[in-house]
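Given the sequences, and given the hints that come with them, work out the whole structure.
Residue numbers (our numbering), protein chains in the order written: chain A, 1 to 243; chain B, 1 to 259; chain C, 1 to 248.
These are computed hints drawn from the structure, not numbers from a lab. Computed from a predicted structure; not experimentally measured.
Incomplete in silico selection of chain B near chain A, CB under 8 Å: (1) Ser35; (2) Asp37; (3) Ala39.
Here a beta-carbon is modelled for each residue, glycine too, at the ideal position from N, C-alpha and C.
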Amino acid sequence: MKGLLRTTLEPMERGHRAVGAVALMLILAALVAVFVQAPTEKHLGDVQRIFYFHVACAWTAFLSFFLVFVGSLAYLRTRKTAWDMLAVSAAEIGVVFTSIALLTGSVWAKHAWGTWWEWEPRLTTTLLLWLIYVAYLMLRSAIPEASRRATFSAVFGIAGFVDVPIVFMSIRWWRSIHPAVVSGRGMDLDVAMYPAFFLSLAAFSLVFVSLLALRIALERSHQQLEEMKRQAAFKLGGEVSHG
Amino acid sequence: MTGSQESPATATAPAPADVGGNGAWDVEVRGLWKSFDSAPVLRGLNLRVAAGQRAVIVGPNGSGKTTLFKILSTLLRPSAGAARVAGFDIRSQTSEVRRNVGVLCHQTYLYGELTCQENLLFYARMYGVADPPQRSREMLRLVGLEGQADTLVRSLSRGMQQRLALARAIIHDPLVLLLDEPDTGLDQRWAGVLRDLVAERAAQGGTTLLTTHNLERSLDLADRVAVLNGGRIVFSARRDDLDVGSFKEAYSRHTGATV
Amino acid sequence: MWEALRKRTVAIPAPRFEGRLASFASQAMAVAAKDLRAELRTKETASVTFVFALLVLVIFNFAFDLRAGDNRTLAGPGILWVSITLGAMMGLSHVFSKEREQGSIEGLLLCPVDRSAIYVGKFAAALLLTAAVELAILPPFALFTDLSVFLPPLLLTVTLGTIGFVAVGTLFSAMAVHTRTRELMLPLLVLPVAIPIIVAAIEGTRVGFEGKPWSDMLPWITILTAFDAVFLILCPWLFQYVMEEMGS
Numbered sequence: 001m002k003g004l005l006r007t008t009l010e011p012m013e014r015g016h017r018a019v020g021a022v023a024l025m026l027i028l029a030a031l032v033a034v035f036v037q038a039p040t041e042k043h044l045g046d047v048q049r050i051f052y053f054h055v056a057c058a059w060t061a062f063l064s065f066f067l068v069f070v071g072s073l074a075y076l077r078t079r080k081t082a083w084d085m086l087a088v089s090a091a092e093i094g095v096v097f098t099s100i101a102l103l104t105g106s107v108w109a110k111h112a113w114g115t116w117w118e119w120e121p122r123l124t125t126t127l128l129l130w131l132i133y134v135a136y137l138m139l140r141s142a143i144p145e146a147s148r149r150a151t152f153s154a155v156f157g158i159a160g161f162v163d164v165p166i167v168f169m170s171i172r173w174w175r176s177i178h179p180a181v182v183s184g185r186g187m188d189l190d191v192a193m194y195p196a197f198f199l200s201l202a203a204f205s206l207v208f209v210s211l212l213a214l215r216i217a218l219e220r221s222h223q224q225l226e227e228m229k230r231q232a233a234f235k236l237g238g239e240v241s242h243g
Numbered sequence: 001m002t003g004s005q006e007s008p009a010t011a012t013a014p015a016p017a018d019v020g021g022n023g024a025w026d027v028e029v030r031g032l033w034k035s036f037d038s039a040p041v042l043r044g045l046n047l048r049v050a051a052g053q054r055a056v057i058v059g060p061n062g063s064g065k066t067t068l069f070k071i072l073s074t075l076l077r078p079s080a081g082a083a084r085v086a087g088f089d090i091r092s093q094t095s096e097v098r099r100n101v102g103v104l105c106h107q108t109y110l111y112g113e114l115t116c117q118e119n120l121l122f123y124a125r126m127y128g129v130a131d132p133p134q135r136s137r138e139m140l141r142l143v144g145l146e147g148q149a150d151t152l153v154r155s156l157s158r159g160m161q162q163r164l165a166l167a168r169a170i171i172h173d174p175l176v177l178l179l180d181e182p183d184t185g186l187d188q189r190w191a192g193v194l195r196d197l198v199a200e201r202a203a204q205g206g207t208t209l210l211t212t213h214n215l216e217r218s219l220d221l222a223d224r225v226a227v228l229n230g231g232r233i234v235f236s237a238r239r240d241d242l243d244v245g246s247f248k249e250a251y252s253r254h255t256g257a258t259v
Numbered sequence: 001m002w003e004a005l006r007k008r009t010v011a012i013p014a015p016r017f018e019g020r021l022a023s024f025a026s027q028a029m030a031v032a033a034k035d036l037r038a039e040l041r042t043k044e045t046a047s048v049t050f051v052f053a054l055l056v057l058v059i060f061n062f063a064f065d066l067r068a069g070d071n072r073t074l075a076g077p078g079i080l081w082v083s084i085t086l087g088a089m090m091g092l093s094h095v096f097s098k099e100r101e102q103g104s105i106e107g108l109l110l111c112p113v114d115r116s117a118i119y120v121g122k123f124a125a126a127l128l129l130t131a132a133v134e135l136a137i138l139p140p141f142a143l144f145t146d147l148s149v150f151l152p153p154l155l156l157t158v159t160l161g162t163i164g165f166v167a168v169g170t171l172f173s174a175m176a177v178h179t180r181t182r183e184l185m186l187p188l189l190v191l192p193v194a195i196p197i198i199v200a201a202i203e204g205t206r207v208g209f210e211g212k213p214w215s216d217m218l219p220w221i222t223i224l225t226a227f228d229a230v231f232l233i234l235c236p237w238l239f240q241y242v243m244e245e246m247g248s
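This is how it looks when you write it as structure tokens:
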């Protein structure tokens with residue numbers, strides 16, 4: 001099986017510099033679009049521009065958690081560590097992007113609604129997503145045995161992802177019962193905003209892909225190191241410590 | 001008891017029960033490897049035990065005896081290699097293996113806050129034994145714990161717990177019995193009963209695999225003996241071809257330990 | 001003496017499908033019965049859980065004056081559910097920690113039992129124990145807040161909410177006790193995932209306290225039912241994978 005994932009990943013690793021370069025270019029383009037080209041929003045002014053990055057981060061975070069789900073399912077089915085590597089890499093990067101989404105969301109909230117935090121559905125769901133995947137990472141760090149760690153985190157990864165829609169619905173309904181002082185419906189996108197919006201989306205997605213490839217490569221190296229340690233132990237006639 | 005034996009027509013395992021018969025292997029291990037993270041414990045172990053045999057494995061601490069038993073009883077997955085127990089593959093037919101294997105280990109797997117009878121009833125139900133209450137009582141009689149049927153396990157002595165654990169191991173009348181140092185905590189009398197039990201099983205066609213530290217006792221119990229060292233079987237012989245002296249010598253030679 | 005040993009020359013193959021269904025049920029029941037019997041004998045888990053939930057309730061009463069006007073229906077549901085949640089969490093960690101201490105999980109693994117049957121049995125026992133604790137905590141709550149608690153909406157949310165909470169808690173408890181931080185890991189895993197239950201249970205309870213019509217309960221019942229349905233199917237399946245890792 002290493003086949004399928006490897007044929008996808010190796011070009012990624014070899015080409016990750018290319019991807020990184022393209023990502024960088026897209027980020028620059030997006031920066032230009034966001035700060036120069038996009039029109040100033042009439043109600044909130046220039047601070048509104050953070051919206052482009054916020055949405056892009058949130059989207060990327062969601063994508064990465066979907067990949068955690070895929071990796072977890074595939075690992076349980078095939079027991080190939082390649083899938084576990086995908087899951088943990090996606091989870092780590094996902095947490096980073098979620099954190100950025102939360103921070104940018106908070107800045108947005110301050111300027112749109114006057115408070116640094118508002119328990120509105122999307123921000124709250126983002127926070128819960130963050131909590132679930134931080135729990136995922138903490139679970140992993142508490143299990144030293146490789147196979148158990150991969151299995152348990154796969155189980156939690158699946159349970160967490162399946163839970164997300166239910167969490168979202170429950171918070172949505174909860175908020176409709178207790179409406180916030182301001183109703184955060186976001187804003188409508190003007191056609192002139194499209195370039196900035198989609199460029200940010202594309203740029204962040206590519207940054208994500210690039211980071212993912214790097215992280216997986218790192219994980220691969222780590223595994224190879226462990227394997228080499230094992231071989232060395234065997235060749236030296238290894239200390240047998242179990243009965 | 002487990003009276004609902006399938007008729008030979010529907011059975012899947014080879015039938016003949018003659019001791020040491022060719023082609024009827026109740027335990028077959030080929031090239032078994034097991035590593036725990038970076039440390040290999042079993043290194044390409046090969047072993048065959050014929051139906052109805054009593055095989056004893058001896059070896060120094062850390063040689064892999066317990067690991068081998070755990071793999072044979074499907075508690076652990078091997079890193080590499082294959083094994084068949086009672087004719088079933090340990091990787092792909094785990095349920096069938098479990099149905100036909102009994103294990104007695106360092107841990108008793110007994111519930112301290114339940115009584116002897118309750119413990120056996122529980123396991124009888126889990127193994128799908130017919131008429132669990134009847135079978136539990138029979139087993140308690142066998143190991144001499146009838147009087148303690150309603151005593152909580154945690155108030156029993158170590159020896160009594162070991163006897164109860166033995167009863168637990170054979171409650172479903174398994175084809176293959178794995179006993180890991182079963183004489184721990186047993187006094188002379190009960191060690192003797194254990195020996196008779198193993199012999200009786202063999203007469204009935206059941207296979208038993210034991211480990212022990214005691215070389216003399218191993219010759220008492222066995223039809224075949226084997227020495228496990230460094231994750232492999234390094235010596236194997238029929239009991240009839242050995243006496244205590246030659247066995248000790250072979251053991252020292254293959255393990256480097258003085259006995 | 002040896003009559004108990006029968007001539008065994010032929011291995012027992014796996015039973016046919018109908019046989020498997022019956023044995024699944026009987027094994028699940030055996031596991032549930034064992035857990036309940038052990039608990040009834042010692043009463044340790046239930047009693048500690050109850051006292052803990054009670055303490056949480058008492059502490060909250062210092063945080064909010066629950067007798068004052070609107071506070072009861074505003075804060076009441078939340079307080080009830082926080083104490084139930086935290087208490088249940090304590091109890092749930094015991095579902096597997098006791099097995100682990102005694103090393104009896106391997107005993108279960110040796111049996112030719114569908115791992116999901118073990119889950120169902122453990123879930124059933126944990127559900128009954130948690131329900132018992134909840135029933136016990138309702139009277140003190142009614143006492144402290146002077147609210148009527150034996151209302152259909154409340155009881156419905158308690159039932160549905162507990163099912164989902166225990167379903168997830170049983171699965172995660174099996175994992176948590178095999179980590180380095182053991183029982184500490186359990187709340188970390190359960191609470192984020194169980195948020196929909198907590199939210200829906202609190203709101204559903206509030207509907208009951210405020211005497212609103214049943215139609216107001218609909219969203220919350222939907223959430224609870226959806227959660228229960230999804231996780232009652234998912235957890236037994238995932239549990240099999242967790243059990244495979246218990247052997248070492």
